[in-house]
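Asker: Residue numbers (numbering that gives the first Met the number 0), protein chains in the order written: chain A, 0 to 562; chain B, 0 to 384.
Hints listed in this document are in silico derivations from the structure and should not be mistaken for laboratory results. These numbers were taken from a predicted model, which means no experiment stands behind them. Accuracy of the hints is not assured; some may be wrong.
[As the list claims (entries may be wrong)] Quick list of in silico lysine to any residue cross-link-like pairs, SDA-like style, CA-CA up to 20 angstroms:
#1 B:172 / A:106
#2 B:117 / A:106
#3 B:376 / B:267
#4 B:172 / A:102
#5 B:164 / B:243
#6 B:172 / A:98
#7 B:172 / A:100
#8 B:117 / A:100
#9 B:172 / A:99
#10 B:321 / B:26
#11 B:117 / A:129
#12 B:69 / B:315
#13 B:117 / A:258
#14 B:376 / B:362
#15 B:292 / B:281
#16 B:321 / B:71
#17 B:117 / A:121
[Said to hold, decoys possible] A few chain A residues that don't get close to chain B, going by computed Cβ distances all over 12 angstroms:
#18 140
#19 279
#20 416
#21 496
In this text, a Cβ means the ideal position worked out from N, Cα and C, and glycines have one as well.
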Amino acid sequence: MDYFYHVLVMFCLYAILATSFNVVIGLAGLFALSHAAFYAIGAYTTAILTTAYGVPVFVAMAIGVVLTAAVGAVAALPALRVGGHYLVVVTLALQVIVIDILRNAQGLTGGPDGISGIPRIVLFGQSLSTPGSFLVLAAIVATAIYFALRLLAVSPFGRALRAMRENELAVQSVGKNVVALKLIAFALSAGTAAIAGSLLAHYIAFVSPQSFSIDETILVLAMIILGGTGNLFGAVVGAFILVLLPEILKFLDLPVGTADLMRNAFYGLMLIVILRFRPEGLFPERYRYTLPAEAEQAAGAFQLTPLANFENGAVTLAGENLHKNFGGIVAANGIDIELRAGLVTGLIGPNGAGKTTAFNLLTGFLTPTSGTITLRGRPITDRRPHRIVHSGVARSFQDLKLFRRMSVLDNVLVAFPNQFGDKLHNVYFRPGAVAAQERANIARALEILEFVGLRERASQEADGLSYAEEKLLVIARLLATEAEVLLLDEPLSGLDPNTLARVLPIVRRLAAQGRTVCLIEHNLDVIREVCDVAAYLDGGRVLTIGRPEELMKDPQLLERYIQ
Amino acid sequence: MSRRIFLASALAAGLIGPVLPAHAQQPDVYRIGAILSMSGSAPHYGTVMSRGALIAIDEINAAGGVDGTKLELAIEDHKSGNTQAAVAGMNRLITVAQSPAVMSSFSGPTVAIAPISKEKEVFVINGGGVSLRMIGVSPYMFHNRSLATDLAAAAVHRAQARGFKRIAQIAGKSEFGDSVIAASYEVAKKLGLEIVAAEQFATDATNIDTQVAKLRASRPDVVLNWPTTPQAGLVVKRVREMGMSQPVISMEWTGEDTKIAGVANSNGVEVATDYFSPTADNAMGQRFYNEYKQRHGEDPDFYAANYYEGVHVIAELIRRAKIKGGNYWNGARLTEALWEDPSFASVYGGKMTFQKNGVALKRVAILEVADGQLKLKEFMAARTE
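Isolated chain A, as found in the complex (with noise of 0.2 angstroms):
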């Protein structure tokens, strides 16, 4: 039976690493590729603190997976400047990194002849030294980390990575702090890989660098792809086939000689077919949902959260002389803009005069050259955007920016402020506060899908719906961060008669309830319903500023623009 229990004692431990990768990848959207790294620094760190050192067994697995969390966060340095294919050079280096240093650093790694005589652990005077016992650990600490994983995947913390994946500006237009996302992403991904490297390490009772190649890390990103990228069950299922089939291949009656090479090749081969008909994965991340019948029958009409100290008219979002350069090209020449309470301010202007760069520079997805911005009299300039929205100002994004394969409500949810979900230590030790504040934020975000028309659709795919209803979707979203200060940047574009009646009513009781509108629009008449100032910006700077319809009549403005 040893073999037996030794595959699964594999199937155990390539689980922890795939549901851990699959944080990263699936979940985060980061592409990295230096996972089995993270496991060589796991297994080394105990191999050296117990065999060179004499440190206890379970102390020097703790150490091992903080030591890794640690070095995972110092990874994710590079995934808060790059991404994409960049992203995965950086990360492929790390792992070249860490194999080399374990090749050379003889006197501390053993060079490629690595560390033998690793002690075994020992649970209750019993010494796991054979696979049917280690077998038992290993599935405790396999199944614990599963649950671990997916109580945060299905955390208000999880959907944020879920965003961040889908749309970096988008999440941190809706509060979220992408540089904290990623660190602790890395980090938890990195520390729990280390876990199964720890386990490795007592299990074989020896480790060298062969066993933590590209190769490994490749194996592991296979299991997540075939089981289902972003989704947990998933990569313990890919974990499991990749983990067995090679097993089982093994008894296929082939030559001696080519055989193994045989095996591979069909192994390849039957992975290229599950693809080919599965291309998502046997489990694909599931996007809609079953809404949870309490949070329905919660749901009452949307009304927004009052104000404190609402003064209608007093300036809240004040932009003064902005400058931007890029290099020579000047975007912002100098913008001063206030915006008020209680009022629709439109920004009206050709392409390129720096409506949208003024929306960014307000809501610090731009640092201005030079200039202040303040909010009710105090300065934001050099705040970053997540904390710009916790200040209360809110934005939308031209090309709407959803978080396409998440589901209509989850993209309202998302948004919502103050989540103790959002922060990893409720999501574990005040479960109970997470969920019950979860179902409130369920009821509130069905309200507001109501309210902007979209309620039926609330457990479809983002992705799925028409352009309307996209633009219906980023006004709720929105919503849903409970700004002060919202800054839409073309709302109505594109909208139909029809839609566009929905919407100005909604524009216009925002403003009604205190919240301080700013659209960037190119349709006056659009701007001469809905806005009760309207601002021209030319060449970088605000031209003219007044009542809609006393601009239409400003010689300047007709001629340059509306002519």
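Dock chain B against chain A, hints included.
Answerer: The following block gives chain B in isolation, referenced to the frame of chain A:
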């Protein structure tokens, strides 16, 4: 038992549960396990090793097996050094093939399966790996490939045989380098030779001029060159370029070393190593050579020879253990039989003798590099000191 029936019962044993008692007293067939590099980056090793082993199996079976019982080879793949694959293979050999005797290859996989060998009392013989880490890790583990320290001892003897008195040695800064330098010191001392310089450099160094300058300053009669490829070639290149004309004796030399050192600089370099050559006085070697050549159309290398030899060692141990009766088909009894008489016929000619550390001492070949080719000069008797 037909292959199909074996597979069916193996599947049952492996995946459902043990249906046969482990290591039956008188098995229908002696199934010998082998954990080799059958795929991955270096499948060549697994190919030649398995060929060598299969020739020995067929030869013994053609002669009636071991006292009438046939041998069978069960091969597992460690994918060119993957330790997890080696451990899986070892567990499979024990559970499914029920082999109490296994041939291993590569140092990493061999060290990785050592705890299982020790705990399950599985006899292991390695004919490929050379790491010192394989020594003393399991009382049931043996090696019929010379260790680096034994080859170093042979090189010192070679230096003495050529009349050199003052020895300089150079090695990488590693456990391997440390051990060969220490072994050479010991042998030189016993032979009354003087070690005038012993230099080491970082294992990935590309500039070793400081170390070579110190060798030159010590005015040695001979340079013992311990690094492996490609640094063996680098040492010879810099030794010659820095004006040293002393003879060089290496432990390893490949075409890559000749490329680095240059053909002219490489000429005359001697290599003390394991080397298989079927000389006229070696009937076992000739038999193996002819069969290998006939089957595969090429000359066997020493890896193939070691695994051919390994099967013969196991067959001999089965014979010895069976005579004593009882449940003899297990690793402990095979090991016991080995220690009763640690000398065995060697495919390299003459006898090889397993030392207390489990490593067989066999004769060492002295090769010489001439125009980029390695030519056999002579064999030296096995010795450790």
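Asker: List in ascending order the numbers of the hints, as given earlier, that are violated by the structure.
Answerer: Numbers 2, 8, 13 - these are the hints that the structure violates, sorted from lowest upward.
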